[in-house]
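Chemist: Take the given structure of chain A and dock chain B to it, following the hints.
Number of protein chains: 2
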Amino acid sequence: MKIGFIGFGKVASNLTQIIASPNITFYTSGENRSNETLKTIKNSDVEVLTDFKEVCRYCDIVISTTFPANALDVAKKYGKYCSGIYLDLNNISPENTFKINQYVSNFVDGAIIGKIDSNNPLIYLSGKKADDLLFLDEFIKTKKISDEIGSASKLKLLRSTYTKSLSALLIETYELANSLDLSDEFFDVLSETEGDDFRDKSLSRIKNTQKSSKRKIEELEEILDYFGDLKMVEAALEILKQY
Amino acid sequence: MKIGFIGFGKVASNLTQIIASPNITFYTSGENRSNETLKTIKNSDVEVLTDFKEVCRYCDIVISTTFPANALDVAKKYGKYCSGIYLDLNNISPENTFKINQYVSNFVDGAIIGKIDSNNPLIYLSGKKADDLLFLDEFIKTKKISDEIGSASKLKLLRSTYTKSLSALLIETYELANSLDLSDEFFDVLSETEGDDFRDKSLSRIKNTQKSSKRKIEELEEILDYFGDLKMVEAALEILKQY
Chain A
73 MKIGFIGFGK VASNLTQIIA SPNITFYTSG ENRSNETLKT IKNSDVEVLT
123 DFKEVCRYCD IVISTTFPAN ALDVAKKYGK YCSGIYLDLN NISPENTFKI
173 NQYVSNFVDG AIIGKIDSNN PLIYLSGKKA DDLLFLDEFI KTKKISDEIG
223 SASKLKLLRS TYTKSLSALL IETYELANSL DLSDEFFDVL SETEGDDFRD
273 KSLSRIKNTQ KSSKRKIEEL EEILDYFGDL KMVEAALEIL KQY
Chain B
73 MKIGFIGFGK VASNLTQIIA SPNITFYTSG ENRSNETLKT IKNSDVEVLT
123 DFKEVCRYCD IVISTTFPAN ALDVAKKYGK YCSGIYLDLN NISPENTFKI
173 NQYVSNFVDG AIIGKIDSNN PLIYLSGKKA DDLLFLDEFI KTKKISDEIG
223 SASKLKLLRS TYTKSLSALL IETYELANSL DLSDEFFDVL SETEGDDFRD
273 KSLSRIKNTQ KSSKRKIEEL EEILDYFGDL KMVEAALEIL KQY
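In order, the protein sequence lines correspond to chains A and B. Counted the way the working numbering counts, the first sequence spans residues 73 to 315. Counted the way the working numbering counts, the second sequence spans residues 73 to 315.
Quick caveat, the hints were computed from the structure, so don't treat them as lab data. The reader is advised that the hints may include incorrect statements.
The list makes no distinction among identical chains, and a pair is therefore deemed to hold if it is satisfied within one copy or across any two copies.
To be verified - The calculated EDC-like cross-link candidates involving lysine to aspartate or glutamate, where the alpha carbons are at most 20 Å apart (straight line), are:
(1) 215 x 256
(2) 303 x 293
(3) 313 x 247
(4) 215 x 268
(5) 200 x 253
Pulled out of the complex, with its shape left as it was, chain A reads as follows (with noise of 0.2 Å):
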């Protein structure tokens, strides 16, 4: 089986790994890339193609690894050249999944939860070909979720309007404590229900909101942008605007 990508920073040389086998073998370009994509692709074990079309019209399966601002010119100017599958895995709206599914055939909207190179990173599938992808639950926790294109993404950007509120919350309940000299004691009675790892896990989520907080605020707004109204949200998003 031919897998080839479409970009190819650190999803993409993550997922040759993961997905490593005899039986695949992995394609990419250098068409256009940086000097760093250049890096990874000779650093990894993967073909090299003269372009994308190329890499498009040789794999049974095209993976869309690039940012999430180029997804969907990507599919526009490479997706025709696809008679394979076309799963696009970049961090992007349910409306880009729509317009992208209007220029490729066999399209999979795909969204990957927690951080690739972390030890369980899952794969969430939408649209009718997902089944085709299963094979995937081999080597990374794959699950298909509908038919329909954008329920991933949908489930994707669900998914963090919970938990980037969670950690706005966090983050007031911990300057709260420790305003009030009780931090200690704030993770000592909420272990009690919210279980032995609350310590930790909280102050690693309020360690990363804030460190890259710039970043979550535009997910907050994306968010709010694509649901509507959403109290704890815009809450949320006025606390990470103090950092």
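Modeler: Only chain B this time, still in chain A's reference frame:
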């Protein structure tokens, strides 16, 4: 040892069962009590004295388990007759513990975390005399958190800040998930990071919050009154007011 109760409802009757021991005798009074309370007293293993003045004079430890709104009046009225420890277990504000402390010597501020008739309730104590109550840990998980009156009540309020806002966040995201027809997937995907019991725990929190939304609204208002502006709590309040 003689332990007296001022007020004898669910908390007191459960405590007489939890702390049951051959060395301990429980006391209360039927003074100005409702028929319901008199029935609870009759069904419990507790000695009945003429009035609460006598209960206070006679007992080594007096526990106030009346209504939060009565806690201060009860302390004003009877506290002066206590020579032993006076423990308040009502769900009162930190400010009220400071007031009570003016009328009662050997005052201990106590907070029950979790429901008294649940699997694992927990008592947090603060105040210098709390050490003398740590024997309770033999019967019910009991922790002293500081010498300062008010710390236990502050911790309880701080815990509520988190748990009640979390419930509102769950309500908001679950409704969104339902509107997208993705509620099963919402629980599934979050179980990956939040634990296998995420679905059951969340649905139970949502149900409890909606069932007693009036009381939860009052508690959120108390939190805002005491701790000042908290954006997630304000948003939670708006969500609960929709019920």
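Chemist: Looking back at the hints listed earlier, which ones does the structure fail to meet?
Modeler: none
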